[in-house]
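K.L.:
These are the residues of each chain, in order.
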Amino acid sequence: MTMKQPGLIESATFSRDVIHEIQRAAETGIYDIRGFGAKRKVPHFDDLLFLGASMSRYPLEGYREKCGTDVTLGTRFAKNPIKLDIPVTIAGMSFGALSANAKESLGRGANMVGTSTTTGDGGMTPEERQTSKTLVYQYLPSRYGMNPDDLRKADAIEVVLGQGAKPGGGGMLLGQKITDRVAQMRNLPKGIDQRSACRHPDWTGPDDLAIKIQELREITDWQVPIYIKVGATRTYYDVKLAVKAGADVIVLDGMQGGTAATQDVFIEHVGIPTMAAIPQAVRALQEMDMHRKVQLIVSGGIRSGADVAKAMALGADAVAIGTAALVALGCNHPKWDAEYQKIGSAAGFYDDYHEGKCPAGISTQDTELAARLNPEEAGKRLANYLQVLTMEAQTLARACGKSHLHNLEPEDLVALNVEAAAMAGVPLAGTGWIPGKSNY
Amino acid sequence: MEFDLKTQTVREVNQALHDLPKDKASEVVVNGISGDHNLAVGMDQPAKITLNGHAGYYCAGMNKEAEIIVNGNAGQGVAENMMSGKVHVKGNASQSAAATAHGGLLVVDGDAAARCGISMKGVNIVVKGSVGHMSAFMGQSGCLVVCGDAGEALGDSLYEAHLYVKGKVESLGADCIQKEMRPEHIEELSALLKEAGSDEDPYSFTRYGSARQLYTFKVDNASAY
Numbered sequence: 001m002t003m004k005q006p007g008l009i010e011s012a013t014f015s016r017d018v019i020h021e022i023q024r025a026a027e028t029g030i031y032d033i034r035g036f037g038a039k040r041k042v043p044h045f046d047d048l049l050f051l052g053a054s055m056s057r058y059p060l061e062g063y064r065e066k067c068g069t070d071v072t073l074g075t076r077f078a079k080n081p082i083k084l085d086i087p088v089t090i091a092g093m094s095f096g097a098l099s100a101n102a103k104e105s106l107g108r109g110a111n112m113v114g115t116s117t118t119t120g121d122g123g124m125t126p127e128e129r130q131t132s133k134t135l136v137y138q139y140l141p142s143r144y145g146m147n148p149d150d151l152r153k154a155d156a157i158e159v160v161l162g163q164g165a166k167p168g169g170g171g172m173l174l175g176q177k178i179t180d181r182v183a184q185m186r187n188l189p190k191g192i193d194q195r196s197a198c199r200h201p202d203w204t205g206p207d208d209l210a211i212k213i214q215e216l217r218e219i220t221d222w223q224v225p226i227y228i229k230v231g232a233t234r235t236y237y238d239v240k241l242a243v244k245a246g247a248d249v250i251v252l253d254g255m256q257g258g259t260a261a262t263q264d265v266f267i268e269h270v271g272i273p274t275m276a277a278i279p280q281a282v283r284a285l286q287e288m289d290m291h292r293k294v295q296l297i298v299s300g301g302i303r304s305g306a307d308v309a310k311a312m313a314l315g316a317d318a319v320a321i322g323t324a325a326l327v328a329l330g331c332n333h334p335k336w337d338a339e340y341q342k343i344g345s346a347a348g349f350y351d352d353y354h355e356g357k358c359p360a361g362i363s364t365q366d367t368e369l370a371a372r373l374n375p376e377e378a379g380k381r382l383a384n385y386l387q388v389l390t391m392e393a394q395t396l397a398r399a400c401g402k403s404h405l406h407n408l409e410p411e412d413l414v415a416l417n418v419e420a421a422a423m424a425g426v427p428l429a430g431t432g433w434i435p436g437k438s439n440y
Numbered sequence: 001m002e003f004d005l006k007t008q009t010v011r012e013v014n015q016a017l018h019d020l021p022k023d024k025a026s027e028v029v030v031n032g033i034s035g036d037h038n039l040a041v042g043m044d045q046p047a048k049i050t051l052n053g054h055a056g057y058y059c060a061g062m063n064k065e066a067e068i069i070v071n072g073n074a075g076q077g078v079a080e081n082m083m084s085g086k087v088h089v090k091g092n093a094s095q096s097a098a099a100t101a102h103g104g105l106l107v108v109d110g111d112a113a114a115r116c117g118i119s120m121k122g123v124n125i126v127v128k129g130s131v132g133h134m135s136a137f138m139g140q141s142g143c144l145v146v147c148g149d150a151g152e153a154l155g156d157s158l159y160e161a162h163l164y165v166k167g168k169v170e171s172l173g174a175d176c177i178q179k180e181m182r183p184e185h186i187e188e189l190s191a192l193l194k195e196a197g198s199d200e201d202p203y204s205f206t207r208y209g210s211a212r213q214l215y216t217f218k219v220d221n222a223s224a225y
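Residue numbers (the working numbering), protein chains in the order written: chain A, 1 to 440; chain B, 1 to 225.
I should point out that these hints are in silico values taken from the structure, not numbers from a laboratory. All values reported here derive from a predicted model rather than from experimental measurement. Be aware that a few hints might be false.
[Said to hold, decoys possible] In silico BS3-like cross-links for lysine-lysine, where the CA-CA straight-line distance does not exceed 30 angstroms: (1) K64/B - K194/B; (2) K41/A - K335/A; (3) K48/B - K6/B; (4) K190/A - K64/B; (5) K64/B - K22/B; (6) K48/B - K22/B; (7) K64/B - K153/A; (8) K79/A - K64/B; (9) K153/A - K22/B; (10) K79/A - K6/B; (11) K153/A - K48/B; (12) K6/B - K90/B; (13) K24/B - K153/A.
[Said to hold, decoys possible] Counterexamples of contact, computed for chain A against chain B with all Cβ distances above 12 angstroms: (14) I22; (15) L60; (16) D337.
Just so you know, even glycine gets a beta-carbon here, dropped at the ideal spot from N, CA and C.
From just these sequences and the hints, can you work out the full model?
P.N.:
And the structure:
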């Protein structure tokens with residue numbers, strides 16, 4: 001990019017990025033497909049602040065007094081709810097989109113800190129089951145690799161109705177990532193594009209879904225929790241219907257959530273921010289007297305312990321990370337910068353997951369590239385990161401006087417701007433004003 | 001072994017079925033069925049199960065090994081995601097029959113509704129009557145045999161599934177074309193008809209399959225999607 005010269009004013013409407021995209025579209029005749037999550041700036045947890053204790057609240061001593069982090073998921077119907085040591089889980093990402101080594105790394109990292117990981121569109125691999133102590137099996141519209149044996153091996157079943165990066169959209173695993181093994185798992189010829197449908201093939205609405213959930217329970221003899229994952233859009237109504245359909249756990253994925261390969265226009269323009277979705281979900285649960293009875297897992301752009309704590313203060317029981325977990329494994333690491341440059345990107349910007357050329361060996365099926373990722377080392381990096389997220393969240397909770405992360409509450413938060421105050425339903429900092437709720 | 005859903009619950013019946021031995025073919029009869037959902041789902045035993053009455057949604061869902069006979073009609077998603085074994089509906093089947101099923105055989109003596117064999121992944125389906133619209137949508141592999149007529153958009157976005165239809169096809173979906181019936185297809189179809197207990201003449205069927213033009217995304221094909 002050229003340096004800005006004095007007297008040359010860049011258009012806010014037609015910025016260089018916009019001009020570049022118009023030129024790219026004019027040359028190729030196809031929309032931009034990419035991985036990663038939303039890149040535009042939207043109201044986020046950064047727009048919220050914690051009110052640490054001073055006089056009116058009594059803080060807990062850091063490094064001395066306990067702040068609990070455990071969470072139990074699926075207490076509504078399942079005989080065997082999931083018990084996790086920390087409330088940060090690994091979101092569903094498919095073998096196919098990710099290399100086998102990357103999937104193994106996620107399992108190893110999650111195990112080390114006592115949390116769960118989740119399968120994805122490609123089904124469950126034996127390695128993944130073996131390396132993941134607690135594994136959530138996704139039941140997706142494509143049903144690639146779906147079989148009752150794996151269903152019975154799962155610790156929980158996540159019925160995926162939507163994804164934050166593309167609510168209402170399906171997926172496409174481009175042919176270049178379809179190796180023999182991926183093709184075999186998905187019952188499709190090698191090398192052709194594999195479409196993941198945008199809707200489930202055998203139900204058409206929430207009433208059908210209730211029966212489908214009962215089927216999954218019957219097959220598994222009511223042993224394991226059933227999650228329902230929705231992309232954040234009409235969250236209030238979706239959550240109410242998910243509860244009515246019989247969900248044990250609701251997974252709410254905000255618009256900043258990641259994806260393996262989706263149209264850029266979809267990633268950036270469909271769905272609502274994670275922060276805006278949580279209060280809607282919590283309100284729906286509270287109105288049904290189901291808050292904390294049907295647990296809420298929130299995902300989509302979670303990066304730090306502050307994000308974890310803020311999501312939980314707004315009413316989530318746990319969070320899930322996807323993109324951040326890949327970054328912890330080594331995605332976009334500077335040590336691969338020269339290789340990123342060779343394929344037209346740079347460390348910190350790489351998002352062409354669909355091309356299967358990931359220099360870090362994560363979003364690829366190329367055996368040489370995949371071998372660059374050592375599952376033990378990458379797993380350890382992920383475990384370190386998960387530990388930091390948890391410790392950061394604990395630190396913030398103690399400062400608010402909370403002996404468990406679940407004791408955080410909206411009252412602990414204020415907003416830096418009117419938009420965040422309105423979306424999160426917390427007062428604008430320095431006031432008691434919650435837009436749309438109270439007169440100050 | 002006999003059950004009666006007038007006095008027992010679906011949960012009790014399914015649990016008893018799941019507890020059957022895996023190493024021998026037990027015989028089970030379930031009476032008193034009146035549209036109950038999720039009957040005999042998740043079987044992993046070579047049992048022969050006779051369901052007397054009309055079954056609700058997802059009957060025989062994810063079946064493995066078992067032979068399940070429905071003496072009546074079956075609701076939505078019968079034999080969905082079946083892996084192996086056989087499901088025989090003596091009446092009609094509702095929509096999404098054998099959706100995403102990976103193996104085994106589904107036989108429907110009557111008609112099947114819309115989206116029969118949707119996203120089929122290796123299952124064989126023989127419908128002695130007609131099927132509704134969008135049947136075999138995104139079908140990946142396996143065979144759909146229709147002795148009657150097929151509704152609109154048959155085989156839309158088909159991958160490698162084989163479709164054989166005796167009667168009229170309302171319309172073909174994107175990328176689905178009529179194909180030559182070669183000897184290996186006559187052989188395949190004959191075997192399926194025989195297994196399904198049908199005496200239809202395999203030479204009276206027409207084969208449909210994928211033109212394979214949509215296998216990789218090309219801008220030139222944008223208008224076909």
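K.L.:
Give a verdict on every hint.
P.N.:
Results for each hint:
no.	hint	result
1	K64/B - K194/B	holds, 21 angstroms
2	K41/A - K335/A	holds, 27 angstroms
3	K48/B - K6/B	holds, 21 angstroms
4	K190/A - K64/B	holds, 26 angstroms
5	K64/B - K22/B	holds, 11 angstroms
6	K48/B - K22/B	holds, 12 angstroms
7	K64/B - K153/A	holds, 16 angstroms
8	K79/A - K64/B	holds, 24 angstroms
9	K153/A - K22/B	holds, 18 angstroms
10	K79/A - K6/B	holds, 26 angstroms
11	K153/A - K48/B	holds, 25 angstroms
12	K6/B - K90/B	holds, 22 angstroms
13	K24/B - K153/A	holds, 23 angstroms
14	I22	holds, 17 angstroms
15	L60	holds, 46 angstroms
16	D337	holds, 30 angstroms
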